[in-house]
Each structure stands twice: as C-alpha cells, then as structure tokens.
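Using this note's numbering, the first residue of the first sequence is number 1, and each one after it goes up by one.
Among the hints, a few may not be true.
[Unchecked claim] In silico lysine to aspartate or glutamate, DMTMM-like type, Cα no more than 25 Å apart, as pairs: (1) K359 / E260; (2) K359 / E328; (3) K17 / D100; (4) K322 / D358; (5) K430 / E444; (6) K17 / D77; (7) K430 / E251; (8) K17 / D103; (9) K17 / D74; (10) K430 / D348; (11) K116 / E88; (12) K430 / D272; (13) K430 / D443; (14) K430 / D381; (15) K185 / D272.
It is worth saying that the hints were derived from the structure and are not from the lab.
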Amino acid sequence: MSEQDHRFSPREVRLQKLQHLRERGIEPYRATRYEVTALAEQVVSQFEAYEGHVVRVAGRITAMRRHGRAAFIDLRDTSGRIQTHWREDVLGPSTYELLDDLDLGDFVGVEGTVFKTRRQEVTVEAQAVEVLAKSLRDLPEKRHGLTNIDLRYRQRYLDLIANPEVRRVFEIRAEILAYIREFLKGRGFMEVETPVLQTIAGGTEARPFETYHNALGMPLYLRIALELHLKRLIVGGIDRVYEIGRVFRNEGISTRHNPEFTMLELYQAYTDFHGMMELTESLLGGLAVHLFGTPDVPYQGTVIHWAPPYPRVDLVERLFEKTGVRWETIQSREDAHALAQRLGIQVDPRFDRAQVMDKIVGAVVEPDLVQPTFLWHHPVDISPLAKRDPQAPHLAERFELFVAGRELANAFSELNDPLDQRQRFIEQQKARLAGNDEMPPLDEDFLLALEHGMPPTGGLGLGIDRLVMLMTDSPSIRDVIFFPTMRPLA
RNA sequence: GGGCCAUUAGCUCAGCUGGUUAGAGCAUCCGCCUUUUAAGCGGAGUGUCGAAGGUUCGAAUCCUUCAUGGCCCA
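Full structure from sequences and hints, please.
Written as structure tokens, this is what we have:
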C-alpha cells in the first residue's frame, strides 16, 4: 500500500486488497463451505466445556485491534460475538499478514483453542484461518450504529448488522406467526392459500392495485382482503379455515400503513361473533404469556393488559354517551356532515353518510380504547358482510378489537343470507356510482357460492403487522416489515 | 393534498446572526506496538455542504423552486 492510498475511495482500497489476496494465491470467493463446530454464543456461555479444546468458528469481522505481531479479531455469527486472537508466532508470518488485506465486514473461519484473556474474555487462539468472503463496502460506524431512518429501511441488512435490537423485533414476529399457527391447529383449523390475483378485489372497501394478464387479455387486481375466498371454502365444507397472507391496498403510506401488509383471516362454522370474541381473547392473552411470561406488555409508555376477558363496548351506546346523538337519527349524508361540523371533526366534503359516521366514531370513541376492548354492535350500513342482530335489525353482529386506540381485529357473524347479501352489494354499487371509489364491484361469483348454502359462521380478521407493533413496542409499521415500500432513489 | 423539520466525509454529527483554506469522533491510509476490547501512540487525506436558480464584493449559511425522507394533519 502506498502513501497515495488516500486518493482512493474505500471501495477502491478494498478492491486493491482483494487483488493483493489473489496475487498471494488466496481466492476470497472460492470457499464453498466451512465446517463450524461451535457458535460464538455457545463458546462464550459454555466456556468451561470448551476451555482448552479446539473449535472452528466463522463469521463477519466486526472489530480488529492490532498490536503489532498479535491482534484481537472479533467475529460475529448468527448467535453473537466472539473474540479471536491471532499471533504471528502461532500462525506464521505469511498467514498473519493476511490481516493487511482484511477489513471490517469480511468473513473468515478461525480454528483454534479456547482460552480466557487476562481481562477474562473468552477467546479463540487462532491456529488456522481461512478467508471465506471479502466485503467491498464499509459497514456503518459502530458507536452510533445506523440511524438514518431512510437508509435503515432501504438497506435493512445494514440496519441488522449495526442495530442488533432490530433483529429481536423480527424474531418476535416469527414467534407470533408460529404461535398463531400452533394455536389454530390446536383448535382444528386448516391453513390454506387463496388467490392474490383476483378479477374482483372485494371483502372490504379499499382501492386495489391493478395489473393486467396478457394471455387472458384482462385486468386483474391484487387482493385487498382474504374474506370472500375463505367463505367459499366454508361453503365447500372446510368448517375451520384460515389464511395468513399479504394483502394490498392502494392507499397512502404512514407510520400505520404500508401498501402491502399481512392479515390473518379465519372462519369457523357453527359459531358467531361471540365465539370469535372468545377465540380472540384466548389467542392474544395466550400469545402475550407465551412471548413474555406475562400478559402485561408495555407499548409506548402504557402497559397493555392482554389477559382476557376484554370489555365489550356497544358502539351506538358509546356514541350516544359521547355526543348525545343516536346513530339511527342520522339518516342522511347532510345530517352526518352537520354532526361532524358540530363536533368539530374535519371530514372530506365528498364523504357519504357511512364514511362520515366512521370518521366520527374514529374521533370520539376509538381513542379512549387503550386497553383491549371489543367495540361491537356496528350499524348494518357500514357492515355489508355481517349478520343482523335479530333484536335490532339495523345493527350487525360485529365487533372490532381496539388496542392503544387502534383497530387490531374485525369480526362478525358472517352474513349467509344470499338475498340480503345481494341487496347489500347493490347498496354498495349505489355508493360506487355516487363516487365512492373504494366500493368493490358486485361479486356475482361469491353470491353464487352463497346461494349454494353457507352454514352459520363466525369470521375474524386480524392485522399481523399491528399486532407485532404492539408486542414489540414499535411506533411505526416500518419497524416490523423488513422491506417497507419506499420510493426508489433516482 | 396541507403544515413543520431534515439533507454537510464511508458512518454519526458540529458549523448556519453571510466573511480567510468547511471541522470532530469512528472508519480509511502510513508508522510503532504480542492479552486488547470505544485498545493505545505518532502522522495523512477525507467533501459536487441533496439539486437547480437567485440575492451579494462574497453563500454550507439568506431567498425561490425541485428532489428525497421524517413527524403531524387530511
């Protein structure tokens, strides 16, 4: 290396080192396997068992402390960090000089004897080393890590290297998914996969992404919900069925919204929304205890108590308590906008009655629901797929679960009256024609399935990303999705 | 869509009431160092100050527009 090296970029310096290694007969990308006999964390935590024995460890170099003819080289593998010690008189000058061409970020394998240093650090005294891969780019600075939030999402691998706590969030995410699958298996549910590409994106109200199938010569849409296909499977006799899958909504991006996110939807025949409440409480209470050994989990400064039972709050009654207004007295779009104005709630003037009422509930009822709470008894006119309450036919057998003021789950006694369902779809078409472009088109194929007969069924949808946020104390949905949707760099 | 904020070295950041040649730590490069661990000691270079215009004798700094991102609102 000459004194002119400062004129080269970090990448150019590393390319020169790569070339130098090759000139010495070492090909850093040739190694295909390295027989690892111990993980870093094992050697450290089980030092007594490993002391004096030879181990083979492999990992990324995260620190180099050189002391002339000896050096401490930290390696990081999937389990953690271990220190290795390289001595020129042990390795021989030619091997020891490899250090001149190694950088932070390179992968090496080290074989050597386990010992403890004066400072009582468990260390591998290298007897043989092997270059396993060279890194051509600098890693983020180690003291502060990578804090540029944009880069953390765009180059998540650097975030994972620099900020070890990030990995913990995704480990919990994986554990949550595993627990849900285990729980549902225990209750006799079958996991299925249904189409992502659909000719009609229904099951909720949202703008879909549109694409085009060349061979069929027709537009297709990415699903916005799992609902309508899973109900077809209920019709087909799979009495307990669920899917955990990605759904796509062509809407804004925020700390709570990513255009693609993960939903759990499950359907159980011969039960209703009360059954779904019991299942939801049992699932979530058990999950918290499984993850943390306690049902009390902190979220953004508040402790959430996940243990069942959760309070049931009647939406219409709570709205009346908060505003003095009964939902059924708001008959028109104009009434709804007038109420919003009286309450000082800003709404899009183009909103129809149901959209305005939804906004009002969101503003006056939902923020108070910090501890897990079932908000139930939604009006039928905002619940097009839910059964009517026989005692109050304008209200639906439906609930939404709120936690930390946000909707986490949505469930109902599924509407299985094909004629009522058709009428509700027709109402949606009126709203669609009136300009509400979140309304799905009428789905004749689904109605055909319903007309063949669907048993009484309880259904539940639950936002996995929001659940992971709550369980990992993450303020943004981007903290629980490895690669959130980002505008590409120019 | 609206408001506020941010963008300076590979990374984390200072500098901003306009004023000499834009700084620090980590990382990098050179030299020394065989039990260090934010190793240490000595030396060196970091750069289209997000982009384009404008004001000015003079702009990282002030103004405008744009780009990207963040937070809040819709």
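Do the hints match the structure? See the list:
Taken as a hint, the K359 and E260 pair is honoured in the structure, with Cα atoms around 23 Å apart against an allowance of 25 Å. Between K359 and E328, the direct Cα distance comes to roughly 16 Å. Compliance with the 25 Å bound is thereby established for this hinted pair. Taken as a hint, the K17 and D100 pair is honoured in the structure, with Cα atoms around 8 Å apart against an allowance of 25 Å. Distance restraint check for K322 and D358: the Cα-Cα separation of roughly 15 Å lies within the 25 Å cut-off, and the hinted pair is therefore satisfied.
Between K430 and E444 the CA atoms are separated by roughly 16 Å; this keeps the pair inside 25 Å, and the hint holds. In summary, the hint linking K17 to D77 is supported, as the alpha carbons are separated by about 23 Å, within the 25 Å threshold. Between K430 and E251 the CA atoms are separated by roughly 22 Å; this keeps the pair inside 25 Å, and the hint holds. Distance check on the hinted pair: K17 and D103 sit about 9 Å apart at the alpha-carbon level, within 25 Å; holds.
Distance restraint check for K17 and D74: the Cα-Cα separation of roughly 20 Å lies within the 25 Å cut-off, and the hinted pair is therefore satisfied. Between K430 and D348 the CA atoms are separated by roughly 19 Å; this keeps the pair inside 25 Å, and the hint holds. Restraint check for K116 and E88: satisfied, since their Cα atoms lie roughly 19 Å apart, inside the 25 Å limit. For the given pair, K430 sits about 29 Å from D272 by alpha-carbon distance, which is inconsistent with the 25 Å threshold.
The hinted pair formed by K430 and D443 meets the criterion: a straight-line CA distance of about 14 Å does not exceed 25 Å. In summary, the hint linking K430 to D381 is supported, as the alpha carbons are separated by about 13 Å, within the 25 Å threshold. Taken as a hint, the K185 and D272 pair is honoured in the structure, with Cα atoms around 19 Å apart against an allowance of 25 Å.
Hint check: a violation occurs at hint 12 only; the rest are consistent with the structure.
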